[in-house]
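In order, the protein sequence lines correspond to chains A and B.
To convert, note that position 559 of the first sequence is 559 in UniProt numbering; the numbers rise steadily by one, no gaps.
To convert, note that position 489 of the second sequence is 489 in UniProt numbering; the numbers rise steadily by one, no gaps.
In case anyone wonders, no lab produced these hints; they're calculated from the structure.
Predicted model, so just to flag it, every value in this text is computed and none were measured.
It is possible that some hints are incorrect.
Since the list gives no way to pick out one identical chain from another, each pair is judged satisfied if it fits inside one copy or across any two copies.
No farther apart than 27 angstroms at their CA atoms in a straight line, the calculated lysine-lysine pairs in the DSS-like style are these [claimed, not checked]:
#1 Lys535 <-> Lys481
#2 Lys102 <-> Lys326
#3 Lys132 <-> Lys102
#4 Lys777 <-> Lys627
#5 Lys326 <-> Lys297
#6 Lys601 <-> Lys627
There are 2 protein chains.
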Amino acid sequence: MTCGSFSVMAAVKQAPLLALLVVAGEVLSFPLVQETQPATSCGYESCHVTKPNMLNVHLVPHTHDDVGWLKTVDQYYYGDRNDIQHAGVQYILDSVVDQLLKNPDRRFIYVETAFFYRWWRQQSSSMQQTVKQLVNEGRLEFVNGGWCMSDEATTHYSAVIDQMTLGLRFLNDTFGACGRPRVAWHIDPFGHAREHASMFAQMGYDGFFFGRLDYQDRTHRMVQREQELLWRASDSLTPPMADLFTGILPNGYNPPEGFCWDQLCHDAPIRDDPHLEDYNVDDVVKRFLVIANSQAKVYKTNHIIMTMGSDFQYENANLWYKNLDKLIHYVNAQQANGSKVNVLYSTPSCYLQELHRANLTWTLKRDDFFPYADNAHDFWTGYFTSRPALKRYERISNSNLQICKQLEVLAGRASREGPYRGADSDTMKEAMAVAQHHDAVSGTEKQHVANDYARRLADGWQHCQLLISNSLGALTGVFGKQNYCDHLNISVCPPTELFKKFLVGVYNPLARPVTWPLRLPVNGTAYTVSDVRGKAVPCQVVPVSRATQELRRNRGFAVNELVFEVQAPPLGYTTYSVSLVLDGPPLASVRHRTPTVIQNKFLQVTFDPDTGLLSSLSNLETKQSIKLTQNFYWYNASDGRNVESHQASGAYIFRPNSSTPFIISKTAKTGSIQTSVVQEVRQWFAPWVSQVVRLYADSRALELEWTVGPLPIDDHLGKEVITRLDTSIQTSGVFYTDSNGREVLQRRKDFRPTWNLNQTEPIAGNYYPINSRAFIKDDMDQLTVVTDRSQGGGSIHNGSLEIMLHRRLLYDDNRGVGEPLNETSDIFPEGLVVRGRLLLSLERPSAAADRHRPLAEQEVLQPLLTFSEGDLRPGVKFEFSGLQAALPPAVHLLTLSQWDKDSVLLRLEHQFQSRESKVNSQPVTISLQKLFSSLDVLGVSELNLSANQWKEEMKRFDWTPDEEEKTVLKTLQVPSEWEVTLKPMEIRTFLLKVRLV
Amino acid sequence: MTCGSFSVMAAVKQAPLLALLVVAGEVLSFPLVQETQPATSCGYESCHVTKPNMLNVHLVPHTHDDVGWLKTVDQYYYGDRNDIQHAGVQYILDSVVDQLLKNPDRRFIYVETAFFYRWWRQQSSSMQQTVKQLVNEGRLEFVNGGWCMSDEATTHYSAVIDQMTLGLRFLNDTFGACGRPRVAWHIDPFGHAREHASMFAQMGYDGFFFGRLDYQDRTHRMVQREQELLWRASDSLTPPMADLFTGILPNGYNPPEGFCWDQLCHDAPIRDDPHLEDYNVDDVVKRFLVIANSQAKVYKTNHIIMTMGSDFQYENANLWYKNLDKLIHYVNAQQANGSKVNVLYSTPSCYLQELHRANLTWTLKRDDFFPYADNAHDFWTGYFTSRPALKRYERISNSNLQICKQLEVLAGRASREGPYRGADSDTMKEAMAVAQHHDAVSGTEKQHVANDYARRLADGWQHCQLLISNSLGALTGVFGKQNYCDHLNISVCPPTELFKKFLVGVYNPLARPVTWPLRLPVNGTAYTVSDVRGKAVPCQVVPVSRATQELRRNRGFAVNELVFEVQAPPLGYTTYSVSLVLDGPPLASVRHRTPTVIQNKFLQVTFDPDTGLLSSLSNLETKQSIKLTQNFYWYNASDGRNVESHQASGAYIFRPNSSTPFIISKTAKTGSIQTSVVQEVRQWFAPWVSQVVRLYADSRALELEWTVGPLPIDDHLGKEVITRLDTSIQTSGVFYTDSNGREVLQRRKDFRPTWNLNQTEPIAGNYYPINSRAFIKDDMDQLTVVTDRSQGGGSIHNGSLEIMLHRRLLYDDNRGVGEPLNETSDIFPEGLVVRGRLLLSLERPSAAADRHRPLAEQEVLQPLLTFSEGDLRPGVKFEFSGLQAALPPAVHLLTLSQWDKDSVLLRLEHQFQSRESKVNSQPVTISLQKLFSSLDVLGVSELNLSANQWKEEMKRFDWTPDEEEKTVLKTLQVPSEWEVTLKPMEIRTFLLKVRLV
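Chain A extracted, bound-state conformation (with noise of 0.2 angstroms):
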């Protein structure tokens, strides 16, 4: 998408809807929610009608079309490359639409948006007329409507809500109120996170679908009739506001066996001519009829779902439709003999309605779908870590995309006006959404298609660093080149590397001042640096370690790093100045036995001589101190030729071949480094696996980078890199894990919440998400890990903490993807070498939230770094802040980006839960008016969480739940017009209408 599409989307609009908040004197016309005509019947009113004395059967025609899986999103939309997999999504929408057009009774949902809108720009405009028709009469419903249909176990929260907004935004531009779904349809990821469900309630949608279960999970629900639920999706918010009705489909997201007319499918078809052979018309509705009334024994009404469709399907839709209008004839003439069947086209929400108008109760749940297994060894816990390169480089591109925005705001027209050419944030964030895709991030399309999503996050990447370079000369008055290294994690960075004298630029994305450590790769071996402000900061080169030259591959050859720390103002810029010298301070030098201890003026971490592995952690500011022993382990990969069953490990499946898994090595090799500024034990356990166990000064966490990679298989074995913290804290078989980055779910070993478990996979099925961090604690400790990425883990034995980190493996794990993930790449033919960090804090289990929220926050939101050659000088504006002042420590700036011309996006977080601390899990109230420091906030209108949707217009369907009243929700007092109020988890979306001070 580019701006310029935009503008086109923009001169259609008509008539839009005066927005509905009033504030200081404007009027504010927000073109939101916009009619292109009068809606005819969309929505819940375009529904067939049905028999209340029958067996309603809910035809839903639809198509599952990946944003990429094994092939790319491009060669899908094609239909490119279709000896891979015949799909073609061009030819899917062209042959729907003229279907839908033969039969004013058919429906069709369509869900994913980056598909929808690559064909809709590519349409003549009588042809968008006719589609808007269908949209209109509902013969065409979006559902979902996202840009993608998002992972549920390896994407950030943050992300989901921007590929969400992205694909809900131009379905609300292109259709106004009939284009805004009404139900979530999730139904092939492979399991189900509690924080989406809450998203999706926020998002105002009155009901979620989804295909995928654990296999006893589903056998429970049918015999209880509870594949229905209400899914209480938040400890903090209010009820309803995180309660979303669930329902699980009948048979995944396929027809029912011999029921499947698609192209790719070979049931027989309807043979309704006598004259011809084979006339199988009996034949047909006596087998519904079974299959119709078998089902309704499983669900709690009098109406039942069934999904018509699947992968890539109807692409000739005719052979779909000729057939159902034909099942649908047959089956309800039998009515007239006596049959208590009732079979109609329908969409999700035509059967939501159904079910809601039933006024029934329902079960609720408060845990969440994962982990999700299909069979007894088939858990489907690999996908956790799969391609871990992929998934840190997603993770980082988010903080670069919000960076963009943030830039694009705060430069205003000056981000995409000036001097360098081609910059947009629309690239990045299409690049982003599609990334989110469930065969994206979650690691488990083929090796092409994972290049290709790389190559799209590059490609927007390029885009947003042309925009940063506008907006920062904007901002500071000077359009300098700006360098950017992405490759610092290897210690390769040109105009560090070259330039005697050169400014570092520091941007800060969070709504807070950061300290943060940098690594600039130099040649020198001294350095002196100093703030904007002329001050000097402490510095310190460290020779480039071995591993990171190894890995670098002759794309840098810096031998020595500069390491010093540095402090950027809220939403803000400052500048570093980096100068040469021939007397500094020594530089550091490396020995080479192991020390027993590091430590700051916050930790203190010890190490075992005689092995080189950590020892113990200590909080010294707290006083507590634990064991901490840490090592590294793989997992035997399941090939599959195993009696209990041949299911293989592989991209989305995880099994072990033992639940012990074999040490890498016993001790470490190690070196040490210490340093004022950075203390460092660098360990060395195989050629394969070494590790930094980092302490900067001022830092309240240990950083353990570790470096994994290439796996060797000259064994022929698959192997799946864990490493594990053992501790002495008592653990009981529970742990903690986040849910796509936000609430903390709990687990416990060998159960489940909702149904009394048969454990079959001591390991597989007792791994979980880690999306940005997990912990263990007892009454008086908590370890908590943040990751920098998503990871699979576990807490398979007390006190202990497993992560996985990297996998390789050697045969595909027959879930279509007809690959092992076996990564490799031009750089690294002999297999893949993934680095990565996992930061580790100790504190009282009633103030971890407050050490680990504001972690994971700056872990997630990076501060972005720009390098010029030269020194500062007068005349330029070296720093600045966007904010007036830094938000409390409670309040996380999610989402600032420009909407339109005149108003942008905002989102405030309270990104604490109720309980977790004393200090920060209160309501919070800012001020919007006095929110920014360069823009004037002329107005304020307060939206859904996707933003389509004005909030005060959200009304969605009440359920009640089976075992308690409904809560009422209680509005806090609005203390003001401009003041926003938080509470604990909650997220509140506003466009604000602004002017450049």
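Given chain A, put chain B in place with the hints provided.
Below, chain B alone, put in the same frame as chain A:
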């Protein structure tokens, strides 16, 4: 097709053209060529304009829809069993019509009326109107237009003319002149028969296109630019009566490489959105121009054709057309940059029109395109014999259908409306029509499809039996129960086995009296037989042979056969009465020593007493005698494990491992029966090969009744069984075969008339199709073999003629059928047993045709026998003839078929070639008025061969051969309005207005 549906068709007819011929004061008004609305611009007028100074590339969107192959015709129609092959014709037609409507430039051709008819009858009247409009505008054009695209090697002209008539009549009735195909289109048949070309010329086609020819031939023609040529398809008919312009398509019938955009293909779509990945317009245009320019080098004009489609393509026509629209747009856009290539949507007729306009001369072709090889060891000569039982069943079914149609005419309405309900000839017409398909009678379909063809024929025959029972009832005056014995060839016939006194009805479909030997299974040892006038008929009871007893497998238990000769009137019926007696002539006994001679008044046959084999054959009338030995052999079928080539023998391909066949037995065990009615020598070669050499008292032909099978495969060797006649005739490598049962072509060993053959398969490369006869001759002797079905054969050695009888193969030959040709059935689980007969005639060459023409005619149209209990009685018309008199020997009554209520279709054929008979190769004149005994002919109008155009209106393109002046057709003076003169090999087709006398 049922009568009912024809009536529906008739009901929509409007404004029929008046017939052109006014005879005997009556104005004939046949609704033959009718218009549903004023034709706007179909046919040649609807072609897109081309550019004279450019290379014009005619893109022809088409689908090739086999009327049965891997699936049955109805499975293909509905898209059932897509697990076998993805193909659903109903959807193809749905989709193509939709897509044609989207862009008036688009064109499509449709070929197989068997499918189109099925589809049409399921459409609403508004859809039918839409399609008529498309046809009237030339956007949808029918080519070929027969019920199927017939096989050319194994079909009989009689059945081919019928199937073409059936298909073309539907098109004519439905669409009028715009539905008349201008072009014949045999893109898939595996070699091309000259007689097919002759028929197409006489059916009024302006040109003919095909895809398959010998690879050496193609190369030669490419170099010579002779891929377009003028085929002079008859030695007898005066040019240009059988001249057919013939074009060889450039890529078989596929698109050029890289340009297949069907859902069944994997070529890259045109990606013309620069915002998406992999924009490829430039690449596509470049590749297309290279292909077009290179193709133009091997054709003569500045027009080339590209077939954009293939097997069962266009099920989702959008894929094709969307990309073709783009291709045309982007390639033609290059004209602005100087490109001289112009691409357009076209049809074969539009392409043909441009070739015609080029006004060039064209190479003359006088032979045919057999055998077909697509590589050095890949001769498609196996299918000449594949599925010999199906081939025989198809042949006898043709005979039954002709009888059915004749009796429908002779009895009029009573035939359909008599007491036997369900009587119709349409079921059989359709069954026979689909059986002509090039994967039907050819034997190249899957087993279950072969079963379906046979089932359809059996079903058709059931309907015809009812019709015949009604007709005979009406014509004889008594509606007694008629029994039909379809298993007389294995001596099974319950009425003759059970009844002590029964009547045998004999219906003779020929226009002259026949004498015919009957062999009826009986359990008595003595019978009397008398004719309809009570005259005793010589008869003989002989024991059923051991081979027959084994063959019938509990389907009958008769121990003896009653043998006598019957005589039946022209186009007529007579009755014989049979009674069991106690004291009849004694049962003939089998003598178990080899006789040295059997003979009747015409022939003498000698045997070698040592071997039991034939040793000589003499014609006692002409006093000629030849040495003749005959034995059975098998070629070992290649299994493809061969260094020269991996080609195995299969349903299509014949590839013996060695050129020397294995002899089955050097000697035969023999027995003989010699009576005054029949003389037999029964030869036993092996458990799976036996033969009866049989000479009836009044026969001029020697019958060799062979029984072959089950071919043993316990040695894991595929077997192709031949019988070989080795004679003293000096053939010098020359022999003769018929073409589709009509004209005879000379064949020379290791030779092709139009190019310098490099013979790579000494046996398979010398095999040719034999449809009804083959002969060898020298100046003195001609030995003609008349077959009872199509078979392959060759003359490998001097004086020798071999015919392949049966094949059993263990490997697939990799041409798609995917099954080895290994026929088994419930009755023959150990392998199919096949029985058939060869009729041998020894004559002087100059008189041979006088024997073999009538002999083959009798073999093709055999008398039908009916059986009923009881005896002759007064008041019943036990004998009748439909003709006033027998027709002359040269005239064959090819077709007599009810057309409409008051009209019948009549085809009269001169069944001799010019110069092959002193007596019969002369024009002959017939009076139509005096033809029938039971019909008054009120008017007559002549049609083209396929009965879809008035003869007078036939105006075909004239083409100039490059080697001679065009002959001007001299018309013989018409003797009178009612008299019809036939010249050698001429077929004349008439619509008669008739009234039952």
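As a check of your reading, is Lys102 near Lys326 (CA-CA no more than 27 angstroms) within one copy, between copies, both or neither?
both (14 angstroms within a copy, 26 angstroms between copies)
I want to check one pair: Lys777 and Lys627. Are their C-alpha atoms no more than 27 angstroms apart within a copy, between two copies, both, or neither?
The answer is within: 13 angstroms in one copy meets 27 angstroms, while 108 angstroms across copies does not.
Which holds for Lys535 with Lys481 at a C-alpha limit of 27 angstroms: within a copy, between copies, both or neither?
within (25 angstroms within a copy, 121 angstroms between copies)
Homo-oligomer pair classification [Lys102, Lys132; C-alpha up to 27 angstroms]
Answer is both; intra-copy 16 angstroms and inter-copy 19 angstroms each pass.
With identical chains treated as interchangeable, where does the CA-CA distance between Lys601 and Lys627 reach 27 angstroms or less: within a copy, between copies, both, or neither?
within (19 angstroms within a copy, 120 angstroms between copies)
First find the shortest C-alpha distance between Lys326 and Lys297 inside one copy, then the shortest across copies, and answer within, between, both or neither for a cut-off of 27 angstroms.
Classified as within; 25 angstroms inside a copy, 52 angstroms across copies.
In the structure shown, no violation is registered for any of the earlier numbered hints.
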